[in-house]
Amino acid sequence: MTSFAISAQHLARSFGETHALVDVSLDVPAGSVCALLGRNGAGKTTTVRILTTLLDADGGHAQVAGFDIATQADKVRGRIGVTGQTATMDELLTGHENLEIIGRFTHLGAAVSRRRAGELLQQFDLVYAGNQLVKKYSGGMRRRLDLAASLIANPEVLFLDEPTTGLDPVARSEMWEAIRNLVARGTTVLLTTQYLDEADQLADTIVVVDRGLVVAQGTPEQLKASIGRPSVVVTLVDADPAALEKVRAALGGEAEIRGRSVSAPAPDGLVSLGDVVTLLEGLGVPIHEVGLEHPSLDEVFSTVTHRAGDHVPGLAAEVPA
Amino acid sequence: MSALTVAVPAQNSVQRGVIDAYNATRRYLIRGKRQPDIIFGSVLFPVVFVVLFGYVFGSSITVPGGNYHSYLMSGLFAQSTLFASANVAVAVATDMNEGVIDRFKTLPIARSSILIGRAISTMILGLPALAVMIVCALLVGWRPENGIFDAFLGFLLIELFAFALCWLGILVGLVAKSSQSADVLINIPVFLLGFISNVFVDTSKMPVWLRIFANWNPVSSVVAAGRSLFGNTIGPPPAGVWSLEHPEITTIGLAVVIIAIFVPLCVRRYSRTSR
Chain A
972 MTSFAISAQH LARSFGETHA LVDVSLDVPA GSVCALLGRN GAGKTTTVRI LTTLLDADGG
1032 HAQVAGFDIA TQADKVRGRI GVTGQTATMD ELLTGHENLE IIGRFTHLGA AVSRRRAGEL
1092 LQQFDLVYAG NQLVKKYSGG MRRRLDLAAS LIANPEVLFL DEPTTGLDPV ARSEMWEAIR
1152 NLVARGTTVL LTTQYLDEAD QLADTIVVVD RGLVVAQGTP EQLKASIGRP SVVVTLVDAD
1212 PAALEKVRAA LGGEAEIRGR SVSAPAPDGL VSLGDVVTLL EGLGVPIHEV GLEHPSLDEV
1272 FSTVTHRAGD HVPGLAAEVP A
Chain B
0 MSALTVAVPA QNSVQRGVID AYNATRRYLI RGKRQPDIIF GSVLFPVVFV VLFGYVFGSS
60 ITVPGGNYHS YLMSGLFAQS TLFASANVAV AVATDMNEGV IDRFKTLPIA RSSILIGRAI
120 STMILGLPAL AVMIVCALLV GWRPENGIFD AFLGFLLIEL FAFALCWLGI LVGLVAKSSQ
180 SADVLINIPV FLLGFISNVF VDTSKMPVWL RIFANWNPVS SVVAAGRSLF GNTIGPPPAG
240 VWSLEHPEIT TIGLAVVIIA IFVPLCVRRY SRTSR
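Residue numbers (the working numbering), protein chains in the order written: chain A, 972 to 1292; chain B, 0 to 274.
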C-alpha cells in the first residue's frame, strides 16, 4: 500500500490539436498540501478534472485515496471533495439546502445531511446566511459554501481549483484560514493556484506546471534554493555615484548598482556577508544597511516556466524529457 | 484515514439509484417552486392558446358535424407536450453550462439520477398548467363525452407521451452548446411535428405530400388517441393509416420506443466526461 493520497504517473490529455497535458506526474503524501502552480492554460484544471474523475486521461494512470481513477471511479468519488473554479452552488436554493442536497447525494441520509449542513455552516461562519438563497451571497460567501459542500462527508482528499481567484483580500485570507484549519484536521489537499504567495502560504510541496509539463517541484524552500544564490545587497546612506562605484568595484565583476544600493551574488551566504562587511569597512563609505536577499518564488516561477518554454533543461528539481 | 469519518448507511445500488433520483427530483421541485414566473408562464401559455386558436382562428374554421372547440382541445393538449419538451431542452442546456453539474459528477451518484429527476420534476411542475388548460377547455365548451374514466385514460396517454418527449428535450439540451442553440434546435421538430399534423385541421384537405407526413406524424396519433378517448372524434380515420386507426396502441408503443432509445442516449451523453 502506498502512503500517497494522490499518486499520478505520466498523465496526458489532448483536446483535438491542443495538448493540455503532456506529461504530469505527482505524488502527494497523505495529510499534506500540494499546490499545482501555473499560469492560465498550463494544465492545472485539466489535471484536477482528471484526478476528480470528471475527465478521462489519454495517457498515464493515477490513484486517489488508494483507488484507480479509471477503474474505480465510484470509490474515488466517495472519498474526495472537489471545489471547482466555477461556483457550483445552486442559486435558487438556500445555503443549508445546498449543503443538505450534497449530503443526500453522498448517501449520508436525510438526518445526517441536515446535521452536517448545520455543522458546516457554523464551521464556515455562514450560520446567519444559512436560510438565505445563495443568489444573495457575496463572492467570498459562495466560495466558503462551496468549500463547505466539498467537506460534507469528511473526504480524505480535497481538490481546490483556484480557491481564491477573484476574491478580495479579506475573503482571500478567510479562505486561507479555512483551508489551514482543514489541513490541521489531517485532510490531504491538492490546490491549484496562479498566485505564488498562495502556494508559499499554504503548500508543503509545490508542483510547477507549464504547457502541460511539470517543470519543477519541491518544497517552497527547495524551489527558492534551486534558482540559486541569494544576493548581498549594500544600501548606502545616500546615492553618491562615486561611493556607489567604489562599492561596486569592491564587490567584484557581477555587482550591479540599483538606486542607492549595490547588489552582488553571494554564493555561500553568511560567510560572504562577513567578507563584505570587512571589505566595506576599508572603503570609508557611509553604509545604511547590508543584507542578504533570497530569490522570491516569483523569480523561480518565471525562471522555470521561461526555461521550459525555451526547451532548456532547468535548474529545478525535475524536468521531464 | 480521516478520524472524522461520517457513517454511510449501507444500501445496494438499486436502492441508492432510487434514492438519488428521488433527491434529484426533490431538488428540481424546490427550484421550480422558487421560479413562480416560469410556472406562471407555463400556465398562461395554454390559456392564450385556447383563446387564440379557439376564437381567433376557430371562428372561421368549421368541422363537419361537430364543434371545433371540442375537436381542437385534444390537439392543444398534445401540442403543449411539445412545448414542454422545448422548455426542458433550454433548461437542461442552461444547467450543463453551470458548475453545479460538474459537482454532481464528482459525487458517488447514479449518472442517470439527475436526468431522471429532471424528467419527473418536469412532469410534476407541468400539472398546474394542465389543470388550467382543462378548465379553459371546459369553459369554451369542450366536454369529455365518454365519461371521466376514458378522459382520465386520455390524459394519461398524453402525459406518457409528454414524458417520452421530455427525453428528446433532455437530449437536445445535452447536445446543444448553449441554451440559445438548444432553443433553435428543439424548435425545428416542435414546429414541424406540432403544425404539420391533425392538431388544428383535418388532414384530408392537405396536399398529398403534406398529408402523408401529417397522417404518420406521431403527434397526430396522440391527438387522435385523445379525441377517441374524449369522444371528440369527427369522421373516420384516413384509410390505410394504421397509426391513426389504432391511435391508443400507437401512442403507447411510440412512447415506449422513444423512452427506450432516448434514455440510454441521454445518460451516455451526460456521462461523457469530456466536454
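Read the hints as simulated data drawn from the structure, not as lab findings.
One thing to keep in mind: the hints can contain errors.
Said to hold, decoys possible - Subject to a maximum C-alpha distance of 30 Å in a straight line, what follows is the list of computed DSSO-like cross-link-like pairs (lysine-lysine):
id	chain 1	residue 1	chain 2	residue 2
1	B	204	B	32
2	B	176	A	1217
3	A	1106	B	176
4	A	1106	B	204
5	A	1107	B	204
Claimed, not checked - What follows is a set of in silico ranges between Cβ atoms, one per label pair, in the way DEER data are often shown:
id	chain 1	residue 1	chain 2	residue 2	range
6	A	1192	B	38	23 to 33 Å
7	A	1137	B	268	46 to 56 Å
8	B	252	A	996	50 to 60 Å
9	B	127	A	1107	54 to 64 Å
10	B	25	A	1010	36 to 46 Å
11	B	11	A	1010	26 to 36 Å
12	A	1043	B	208	50 to 60 Å
13	A	996	B	29	40 to 50 Å
14	A	1148	B	25	30 to 40 Å
15	B	96	A	1082	40 to 50 Å
16	A	1010	B	177	23 to 33 Å
Virtual Cβ for every residue (Gly too), placed ideally from N, Cα, C.
Take the C-beta atom of residue 1192/A and the C-beta atom of residue 38/B, compute their distance, and say whether it sits inside 23 to 33 Å. 59 Å, violated
Do residue 96/B and residue 1082/A keep their Cβ atoms within the hinted range of 40 to 50 Å? 34 Å, violated
For residue 1010/A and residue 177/B, compare the CB-CB distance with the range 23 to 33 Å and indicate the outcome. Taking Cβ atoms as reference, residue 1010/A and residue 177/B lie about 27 Å apart, which means the hint holds.
For residue 1137/A and residue 268/B, compare the CB-CB distance with the range 46 to 56 Å and indicate the outcome. 31 Å, violated
Taking 30 Å as the top limit, are the C-alpha atoms of residue 176/B and residue 1217/A close enough? 67 Å, violated
In this structure, is the beta-carbon distance linking residue 1148/A and residue 25/B contained in 30 to 40 Å? 34 Å, holds
Holds or violated: the 54 to 64 Å window for the beta-carbon distance between residue 127/B and residue 1107/A? 27 Å, violated
That 26 to 36 Å hint for residue 11/B and residue 1010/A (C-beta), does it hold up? 47 Å, violated
Are residue 204/B and residue 32/B close enough, with their CA atoms no more than 30 Å apart? Answer violated: residue 204/B to residue 32/B is near 45 Å, above 30 Å.
Is residue 1106/A close enough to residue 176/B, meaning Cα to Cα at most 30 Å? With Cα atoms ~24 Å apart, residue 1106/A and residue 176/B stay inside 30 Å; holds.
Is the hinted pair residue 1106/A and residue 204/B satisfied, with a Cα-Cα distance of at most 30 Å? It is violated: about 54 Å lies between the C-alpha atoms, which goes past 30 Å.
Take the C-beta atom of residue 252/B and the C-beta atom of residue 996/A, compute their distance, and say whether it sits inside 50 to 60 Å. Because 55 Å falls inside the window, the suggested range holds.
Hint violations for this structure: numbers 1, 2, 4, 5, 6, 7, 9, 11, 15, all remaining hints satisfied.
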